[in-house]
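Protein chains in written order, with this note's numbering: chain A, 1 to 559; chain B, 1001 to 1250; chain C, 2001 to 2353.
None of these hints come from the bench; they were simulated from the model. Glycine residues also receive a C-beta, built at the ideal position from the N, C-alpha and C atoms. Watch out, some of these pointers could steer you wrong.
Cross-link-like lysine to any residue pairs, in silico, SDA-like; alpha carbons within 25 Å at most [unchecked claim]:
# : chain 1 : residue 1 : chain 2 : residue 2
1 : A       : K498      : A       : T143
2 : A       : K121      : B       : G1218
3 : A       : K246      : B       : H1141
4 : A       : K121      : B       : H1141
5 : C       : K2028     : C       : L2042
6 : A       : K246      : B       : K1137
7 : C       : K2065     : A       : E543
8 : A       : K192      : B       : F1208
9 : B       : K1168     : B       : H1147
Partial pick of chain A residues on the chain B-facing surface, computed with a CB cut under 7 Å [said to hold, decoys possible]:
#  : residue
10 : L33
11 : L219
12 : L542
13 : K544
14 : A548
Okay, here's what each chain looks like letter by letter:
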Amino acid sequence: MSDTIVSLPDQTTARIPKDNYLTRENGLLSWLLTRDHKRIGILYLISITFFFFIGGALAGLIRLELLTPQSDLMASDTYNKVFTMHGVIMIFFFLVPSVPATLGNFFLPMMIGAKDFALPKMNLASWYLYMAGGLLALYTMITGGVDTGWTFTTPLSTHYVNTNVLTTGLAIFIAGFSSIFTGLNFIVTIHKMRVPGLTWFRLPLFVWANYAASILMVLGTPVLAVAIVLVALERTIGIGVFDPTKGGDPLLFQHLFWFYSHPAVYIMILPGMGVISEVISTFSRKRVFGYTAVAFSSVAIAVFGFFVWAHHMFIMGVSNYAVLVFSLLTMLVAVPSAIKIFNWAFTLYKGSITFETPLIYAFGFMGLFTIGGMTGVFLGTAGTDIHLTETYFIVAHFHFVMVGGMLMAFLAGIHFWWPKMTGRMYPEKLSQMAAVVTFIGFNLTFFPQFILGMLGMPRRYASYPPEFQILNVFSSAGATILGIGYLLPVLYLTWSLKYGAIAGDNPWQATGLEWQCQSPPLTENFPETPVMDHEAYDYEWLEKQQEARRKEAEVTSVE
Amino acid sequence: MSNSPAITPETHTATEHHEHPPFLLHHFNSMEQQNDTSSFAMWLFLLTEVMFFGGMFVVYMIYRNWYYAAFVAASRQLNVAMGGINSVILITSSFTMTLGVWSAQTKRKGALILFLILTFILGFVFLGIKGMEYKEKFEKHHVPGEHYSLQSFINPASDAEAMATGTKALPLDEAVHTELFFSLYFAMTGMHALHMIIGMGLLLFIIFRARSGAYTTGHTAFVEYFGLYWHFVDIIWIFLFPLLYLINRH
Amino acid sequence: MDRISPVIWQYLVKWMTNFALFPPEASKIAPQMDALLFFLVLVSLIGLTVVILLVTSFSILYRRKRHPVAVQIEGSTLLEATWTIIPLGLFLMMFVWGALIYFRVFTPPANAMNIYVVGKQWMWKAEHPGGQHEINSLHVPAGRAVQLTLISQDVFHSFSIPAFRVKREAIPGRYTTVWFEATTPGTYHLFCTQYCGTAHSQMIGDVVVMTPEGYKHWLAESTSGVSLAQNGERLFASLSCNACHNARPDARGPSLANVYGSKLTLSTGQTATADEAYLRESILNPSQHITQGYAPIMPTYQGQISEEGVIALVEYIKNLDSNYRVQQTLNTTDLLPESEGKKVPAAQGMVKQ
């Protein structure tokens, strides 16, 4: 038995199908004015990769500065701008749109058997809004930057800095609309455009995860918009809503801000979890263990996610009783994530596992997200939060869940669906190596930061006491390795566009609807509307399909 | 909105060519699905608007609870008559809008255009009155910011509205909080006005398209959804008016 | 290799000598918090081990070569219940334990000595009641409950002492408090941990824990000559507070003797406890803190008085127990454990009413 499930067509005779969404129309305008969700997904993929590397370069600058205890690489003001822009770009222009806007846009309609989203023009508008926000953020960077931290804490952001708070706020406001449009589109499409026979509990878990994330996008982002508007008004006119000398409460801003920004972290992670469900199922040839539990967990995370925002404010002077309530709710929101991890682990039980690159990234996700999630519990526990908050422990926690978790899931998804999007396979050995390099680099970069946080090193510091240097050096060394790990996929995936093996319709022999059509897909996705009469992850159905196709091929070859 | 009635030119494969109404977009299977979907989308969009205004309402409720006396005094500076007239105007415009939607559904092109124009005029009058109110506030130095004046509140004798409503003088530290009221007043009614201006821009577009018969040939979706939007803007005002204008009025 | 290894060796030596996973435990709450932290680390390690074991063993046992045909399993309600209830149970344990510690850290004991800390861009100013002022440092005695009353003059700052495991935000516009009892004499890091602008990383200092004897010496040496309360008395007079707040029967304002800590009925009918926050608010926003039976005529001092000034006034009012004369002595020996509750008669050089 071979130890790979990859099933490629005969490379000597295989060709990329002549008619596909990439070749259907040509010219720049056909891309810039497209309503095809797949092309929009590709547009997003290119743009978020671009912003990711800008954010990554900023991270590189941070780690370079932190090699030495003194603030010697750049002026303090510059450092403050660097970490602020790193946060703003990575969160709003990379993580929030990452999986939904690229893989979600590309595959959601296909997964439910639809020809496109409910609102294709809104989808395109969403990309333009994203680009407008992103370019405005870049403009902000070039014209002096902003140094308030991505959290824009008042009154610092309203009265005490003279950097580009307004333009950055506007960039985020615009990007927020992009997010709302994406989420709105997803919800409507999933509700109304499933093919007959595709009931909710036959949906792939990727769809469930994106649905939950979309609810958060739609309900949470407007509150961020309000917070930004109020900061802008306070900054320009001085309305007093966050100014204690006029009776305002600066803490109110934080309530409004975190009311969105906490659900935002679930917007960022849920789609990644959806990817993991798909990948683990495919590479163990098994339906996901506890499908219903995983589906409900996604929705539970979304719902509970709205009620825990003040756990970012435990030491800010909120009442002790508020702290109790939010700490308790935070414990509750941690449980569904744990449920998912165990269900994924048990999906492997009695499966038939092969270790292609997507699964390696998925394993990385499981380990690193477990650590990241557990350290979240450290922070949700009110007592320990006192010591750990505002230190590098927080930085390590969110990088573990976002980079070790979400980014790994994103890469898993890109590799998993690359053959479908492009018709080409990526080079397996090289990609497995890149995954391992990323994993090693990641741990070396961010694990020492947990220790730094425990020791008390504050975050957003350009200089630090000398005894913290060794751990910072480890962290910076790891960052270099991590950077290589991220650069490699860009290189070999681009290479594969021309030289990769032809993938065929279903190289992974996966069960999803998106695999039951050509690679790359037609513009209209399916030549005939698919019929949905089986459960999700139904490998028996898949086998029958493949049997039927084989018989057909025999018959035709005999004739 | 992506529900323009124009036919999107796309290639049909041999198996796909079939009779369908001209408004059916190609990624939908039936008009029923299309209408169902776009209606759902519109309601969901309005829900995001509720969350947006909701944020500001929460800020308002918090500060009103903390600084009630200042809010009462500041609220009495607003012209209830103008606000009341505006409320009537806006409700009437919702009524004319509903009649417009009915006209579209019953294929009455003339009536549709008439009611849309009426709605536009009413909206315009609303904004005009709002503008007058803003101007008044500007003249009395009640616009938050550098030129905000506390005179009307610490010395009611100097202020006609305060005298008329029998408002007592506020101590200085309480009077400072009136600026918060006006900040919220301008932020909330300003956001509302912005939504109205956008609405009126869309109205002009709809009137223009209606003249060429776009909405009276069976595909009324755009007008209906705009109607929903207009009603939503009206409902926001119905909440704003009592909260801002009618605090502790007798 | 000869060139490279000394560098690596140097780093290793540096690291080994400084190696620590936890900061020193220098307060009473530190070991309690460390115990909870240890529990959390343990649970996390066990959880991680379980996940890694499951994934690794399943990957080995059920790899395609060894297990070519997958067995479709829908799920197991028992397992779902297990891995819902056990994590939930553990998390709830952590919640309760953490809540207890949290309440402990933010509920100062009644006998805690109070030190005021004002944060501003970009320095910490500590004001001891005896008139000792420190910048970017804090001297405290070991074995004594110390409460910090914090406020910021501009933006949010956060006063963090990792060795004590305490941290509290300094907010513009109101007081926040935290308390600790230092156990081991020594010097420990003080950080500002809430990003506050350009020199956020330089807003650091030292917390110096001294033996009670050493602390007494330090108090005597470092006093500015005027205690906070005496400074407050001076301000009280210069701001004409005594025009209304005096002991006369026809006074326009309530008497402030012994008002600190008492329960007041306000003109709105509500009751309030006259703690530091109340006193500050009643100076800056008096119209919302009018005692019942008095006219709302007190003017606000917002903008006329700095946070340090307010602190001085609050200290003055706290120590008033009769006729508006400051009873405190210069060297504040009555703040030390052995002289708790003892009021020493006024020293020379005092400002008279």
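field: K1168 (chain B) paired with H1147 (chain B) [C-alpha distance capped at 25 Å]
entry: holds, 23 Å
message: Given L542 (chain A) as an interface hint, is its Cβ closer than 7 Å to any Cβ of chain B?
response: violated, 24 Å
field: Agreement of hint L219 (chain A) with chain B interface, Cβ distance less than 7 Å
entry: holds, 5 Å
field: Agreement of K498 (chain A) and T143 (chain A) with the hint, judged by alpha carbon distance not exceeding 25 Å
entry: violated, 39 Å
message: Checking one constraint from the list: CA of K2028 (chain C) to CA of L2042 (chain C), max 25 Å. Satisfied?
response: Holds. K2028 (chain C) to L2042 (chain C) sits at ~22 Å (cutoff 25 Å).
message: Would the hint linking K121 (chain A) and G1218 (chain B) be met if the CA-CA limit is 25 Å?
response: holds, 22 Å
query: Regarding the pair K246 (chain A) and H1141 (chain B), is the alpha-carbon distance no greater than 25 Å?
result: The given pair, whose Cα atoms are some 16 Å apart, holds under the 25 Å limit.
- prompt: Holds or violated: is there a CB of chain B closer than 7 Å to the CB of K544 (chain A)?
  reply: With a minimum Cβ separation of about 24 Å from chain B (threshold 7 Å), the hint on K544 (chain A) is violated.
- prompt: Is K192 (chain A) close enough to F1208 (chain B), meaning Cα to Cα at most 25 Å?
  reply: violated, 31 Å
- request: Using Cβ atoms only, decide whether L33 (chain A) comes closer than 7 Å to chain B, and label the hint accordingly.
  value: For L33 (chain A), the interface hint is violated, since the closest Cβ of chain B sits about 12 Å away, which is over 7 Å.
Hinted pair K2065 (chain C) and E543 (chain A), Cα distance within 25 Å: Within the cut-off at roughly 19 Å; holds.
field: Straight-line alpha-carbon gap K246 (chain A) to K1137 (chain B), limit 25 Å
entry: holds, 19 Å
Against the hints set out earlier in the document, violations occur for numbers 1, 4, 8, 10, 12, 13, 14.
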